[in-house]
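Fit the two chains together into the complex; they arrive one by one in their own frames, and the hints show the way.
Chains as they are written, first to last, in the working numbering: chain G, 352 to 811; chain V, -1 to 417.
If you're looking for bench data, these hints aren't it; they were derived computationally from the structure.
Using C-beta positions, here's what the derived DEER-type ranges look like:
hint: 1; chain 1: G; residue 1: Pro778; chain 2: V; residue 2: Lys323; range: 52 to 62 Å
hint: 2; chain 1: V; residue 1: Glu378; chain 2: G; residue 2: Glu667; range: 25 to 35 Å
hint: 3; chain 1: G; residue 1: Thr372; chain 2: V; residue 2: Glu272; range: 47 to 57 Å
hint: 4; chain 1: V; residue 1: Lys79; chain 2: G; residue 2: Arg658; range: 26 to 36 Å
In this text the structure is predicted, and so the values were computed from the model without any measurement. Beta carbons: idealized from backbone N, C-alpha and C, even for Gly.
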Amino acid sequence: MLTLAIVKKLETIVGAKNVYTGKSDLILYSYDATQQKFLPEVVVRPASTAEIARVMQLANAEMIPVFPRGAGSGFTGGSLPTKGGIVLTTERMDRILEIDEENLIATVEPGVVTEQFQLAVEKVGLFYPPDPASLKFSTLGGNVAECAGGPRCVKYGVTKDYILGLEVVTPTGDVITTGGPTMKGVVGYDLTKLMCGSEGTLGIITKIVIKLLPLPEAKKTMLVLFDSIDGAAQAVSAIIRGKIIPTTLEFMDGRTIDCVRQATGLQVPESARAVLIIEVDGDREFLDKQAEKIAGIIRPLGVVETRIAETPAESEALWQIRRSVSASLRKVNPDKFNEDICVPRSKVPEMIRKIDAIAERHGIPIVNFGHAGDGNIHVNIMIDKKVPGELEKAEQAIEEVFKGALELGGTMSGEHGVGIAKAPYIPLEITPQAAAYMKTIKRALDPNNILNPGKIFLED
Amino acid sequence: MSKLKQLEAFREEIEQCVKCGACRAHCPVFAAEKYEGRVARGKVALAQSLLAGEVDLEEKVLEDMSQCLLCGSCKAQCPNKVPTDEIVAAVRRRIAEQKGLSSFGKGIAAVLGRPKLMNALAKTGGAFSALLFKKLPKDSGLRLRFPAPYLEADRTLPPITARPFRERVPEVIPGQAGQPTVAFFTGCGINYMYPAVGEAFLQALKFLGVTVVIPKDQACCGLPAVSAGAAGTVEKLAAQNLAALTRHKVDYVVTACASCNAGIGKVYGDLGEEYRQLGAKTRDIFVFLVEQGLPGKLAALPKAARRTRVTYHDPCHLRTQGITKEPRAILKALPQVEFVEMAAAGTCCGLGGTYSVYHYETSKQIGAKKAASIAESGAELVATDCPGCIMQLQDSINHAGGGQRAVHILELLAEALPE
Ligand SMILES: Cc1cc2nc3c(=O)[nH]c(=O)nc-3n(C[C@H](O)[C@H](O)[C@H](O)COP(=O)(O)OP(=O)(O)OC[C@H]3O[C@@H](n4cnc5c(N)ncnc54)[C@H](O)[C@@H]3O)c2cc1C
Ligand code: SF4
Ligand code: SF4
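Chain V on its own, in the form it takes in the complex (with noise of 0.2 Å):
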């Protein structure tokens, strides 16, 4: 039986659930859906409901539970910190356990427990349209992680890249004497679509003289296989993430991928002392930047002439964190960004891991207000600090027509500093 917390030990937690409807006003789910089994009260009512063996894991209840991003939002506002999304996690596992995981979390966990077959996978894709996914040869893992039935035509997609980051950059990049030495924990969303952005990540740590190790070894943070309820990859990706990361010896875990941060920093903590230990190290990369005073640094370079406005969406793993303030200080900080706040910057963009595969038209809809909120506010770019938003929030807007770009803040953080 897997470590991770069961459905049985979130009782008194579910028993805090005063079923007030108050996180009617924040499930994502719940506003595209208007149902009650959308909503975190609704959830809790039904996983209560199992732990009293009112309900058996039927097809409805396998569809509300499906129903959720695991975003958080619920717990943040809930009144008695109802941990809904655990608790989905939760009965998500026990369906795993006891009706198998879905064709889908099977491919999920077939592929994300083995990085070689990704890294083989990358190389001979290039750049992967939607449409070429779906020429993929059946057996191809990538079919798996974006299983052709599940994937739209009309989805945008980022690149698959052909050399994956962590096979471009050494295992170890030297920095300055007194400095502190951090493992970068890069995630597939780095490593597979988005190399510009750990690129990006070195220049910011070696203009602060940061020594960083890269491990070769590490693998998914597993976050998507938690989304699948698959317990047992979590549990691989967990011990091998864990020994990645303790090989060298290294002041801070930095992420630059807000799942990510969520997953090592977080969700490991259950699974034992040492996990609780790696979880204390780990930072996010703007949380890291801002204790290391490089806003200060910032405003000593020349203000740009032409400024391009920008905005920032909160990612769930980082705003439920309470991490807020750091991406913005650094935002507002870089000269050549004029930074402009819109509104609900703080509403999940609809990806939740597997969510918006299983649940692309609904996926759709919560992404069609961020898109919506993003033409509002003017901006030309909306930057963010997750791979996996930044896929979501780009297909959000091209569906709507908006024409802005999404980036990761640390690719505006390159541009401004001298190479």
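Chain G with its partners taken away, still in its complex shape (with noise of 0.2 Å):
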């Protein structure tokens, strides 16, 4: 139970400015992405690592909860005070401490913004490719501790390949070190590596040491259409066994191209049935060369039409089409759900037509966008939550969507986590003998169970 005592040891160990407790400021911390809504009973807004490991060490000794929150965009309910307690936000440690480019290395606070950070490096010449869509007001500790991705990851890989150590606040309330600014270091266990993608719930992320690439000279994007999504997948395919990487491969199904058309007006043939956006970076002159070489490999592949960016102006636009995607569903049904499983690249047309058969089957519509060339399919399931039953109908079609991904050896989550959204279906993808095994080193670093309790795994 929070107490007033309490409440003023907050005030003493952040100041009684960065304490609320009142009703607004309350609602003000009880929703994220997932719109759902959970009061916490009070919300400290720290500034120091010193004063998060105080706060951790007052909440173990007076059993009660700690929600660590980053910028709330979380699309599975991970920052959500499920159980009250204390929402512990760090809006305020926001500073990027140090850009060392003799070592390609930075450290930062873990409430900076993911874009703020990727604009400091690039201005002298360094490249922090993670670009999660959330990249403009997300915030790089919410990234480590989902793991988060975006398109670039087909080339460059997800936020776990960027970090070299970590600053640790444990759940009980030490202060902790792991990995540290060198490129190897194999000393003890990978800490580092079991932080990224634990959702809060083993520490509270308090710094971060990134691993810096320089930055590449210029990038070509192309926006190819296809007449069948096996065409667009056969090319995914066909670009990556005529060994070239891609900086992204992004793809759109039909009716995610209906839905963009409808809502922007592009101008699309008919029978285009899938859109690829193909973009690859490095240096200038080897980028033509590049573009050509893939329009030659995937021409045989049901092309529709290919257009080209001459200048970043044309880029943009291209990208533009597939950022309106998300406001342009709208048009569908109101209410969304949006899953982001993942399956292997080539598994991507199966997996497709395995939705529109969930989607039939239902007579609810789902549309289907993302990252080609992962594997990452968004799954959004469209439906209208006043209408009676659409509900059920969307609950039962996620379960087969995720069975779906499962069979064909893919994951439920590529990008978003599991929360307390996905917690329902962790023993669908993890046996109960690795849950048991993930479980026990919950146990023995967090045993009051304090931080954010009830996420990932269901509470026993």
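The following block contains the structure:
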């Protein structure tokens, strides 16, 4: 129970003006992008590792749950205070501490917004590739906790591939560092990787040591229209078999094209039933050759039309088509369930066919787009919650989609994590033995189950 | 009850917010304060809770609702186009209704609703400095408009003109036959603080042979009253302006102030069909000038030997209407100007009507970013299309010790045109 005395103690730790207990303040930290709502009992906004450590010690002593929060842009409810308690936000810890151009390393606080960091390193000719679609507002701490990924992952990998080390406040309030500013390091268990994707259940990330790359000189974007999803999928395999790894390989299915066409008046021939946006980056002189080679490889695969951007503005216009997808879906139905399954690259068409069958069986529209290059499909189940029965149908469809992905050797989530949204489905993917192994780790590190309880696993 | 939309009428728009958080990237207040109550998502969530009866108009809610520039940046970038600015304005009207206008809001309502008083005040003033403002008698309306407790000593304010612009010019200035007739909606900024912009406006339209009508009885557009939640004042001003602007037969109503453009062009729309017709006729000066083919005519003028580096600041009230190309087109066509684009030209300068008076410290922080962008661009002048922005930009530059000058594009245009 949160008493006045505990609030007072929190105030001495982080300062009275960074502790909130008013109803309106609690509402402000009660939601994330899942649109579910759970009221915390108190919100704290610490400014340092030491403050967070003291908050955790207090929480352990008083047995109060703590819910770490970045920008609250998560799609699975990871930051929601499902049991009341303390929401601990990193909003105030938003400094880029160092950009080390000699070693291509940077150190940041967890509340730094991803795009702000990208822009800062690009200014000195460096490159931080992970680019979740939420990069303009999500935080690096949240990205590490969810192991976020984006379109550039095909070539460059996901967040964890760029994290060299962390400073972490443990669930019991100790401060540890994992890894460090070296490219190699094999002393002890790899706790850095364990923390990546741990969804705020194993520790609070307070500093992040990040690996950087040299900024590629240029990029080239092309949009290719295909007469079938199979053509597009074969194109993906063919490109990769041709020993070219593009920066991005984004696809949209026929239904997605219809939505965008309706919403934006996009001029696309009726015969186009799938789209790939292909981008390559690297030295300028080498890009034209690569684009030509790609065009050659995919030409026989049912290409209806190829558009190649010649200027950054044209490239931006092509990406704008991809970005308009999300909003245009609302034309189909008001409510959207966005799942982010991932299957082996070659299984994308089979998965799409399965999803189409599920959509037909339940009589609800499902729209698919995503990152074909890594088999990550955003499955959007579009319903109107107000129509009786639709919600149940959607829930059934979601489970069938997950099962379908697992049958093909895939996973329920490529990007968004488990949180509370996917916790009920965990047994579909993780064996009881593996789940027990994971829970043993959690129990050992967080004996009082204080940190982000009830996330990833349903509580027994 | 006011005809302006009530909070209840926004229920559906409020439900459209999917809590994605995208607005966190675009809200200037949030960028300065990093707290969920300051961002669009938070304000929408609070409005939602107000409607659901989960919270009352308690102190913290009032504070969060006051922390909005009504700049519309969130709406422009929101995937679902949630009109947070309009929702906040509706909440502020509710606040005014239930709690009464704040002392500051009262000052706004008292002065803006009475143009005669504003004229009289301007005449007694001459060149006012911030300090002089504080020495004004207690009952002075100007003091109400910029009430001393809110007015920091270190704030640069333009001098108040001794003779308001509309008193200097005839009501009708005939142009050439065959050219359109326009009504010039001057707004308070030009009338009382920047009459030179008004003169430049006339010079530009004379160059094109356009007939200009400047109705004497026009009033403030009402945006400061919108911002304060003073619904009654907004409606009174709207009615007065409608009458003034329809008394003459004109083809267009032209503004040279982004806020006025949004005021008479958009905000009045809720009040009825005649207001919507007025809105449809309303043009920003640069949209009008481009429609009239001015860039082509400017191209024919001889290029200046020395050109001044000028950058452009997008006023929110034009940017969110998609008016970004036309002011730049004119600037770029000017023979004495070398145009440079600055970073983040499209972020709010931090004025936000009454916002900067209430929250001067945050407003200064927002302005400081703008001043840094201006400095980084290497420009000597920052031009824009809104007297309010000019005032704020100059204040921000002075705080940063930048030395650049903030001007209206019309002033640069007038410089280029033959006498
Ligand atoms: C429009 C939109 C597009 C998106 N696109 C993508 C995408 O392309 N790829 C993708 O991977 N995701 C995407 N997401 C999901 C989301 O943005 C990511 O999961 C992101 O990493 C969350 O960051 P956040 O700062 O908002 O974290 P939050 O949502 O606040 O928290 C997410 C999780 O991280 C934990 N956490 C936060 N900070 C810390 C910390 N310092 N230490 C420990 N735990 C912490 C929280 O407890 C929670 O479990 C998208 C979301 C939206 C709304
Ligand atoms: S206002 Fe728009 S951008 Fe902001 S959270 Fe809501 S839907 Fe997202
Ligand atoms: S209108 Fe401007 S200040 Fe207000 S919430 Fe939107 S972006 Fe923020």
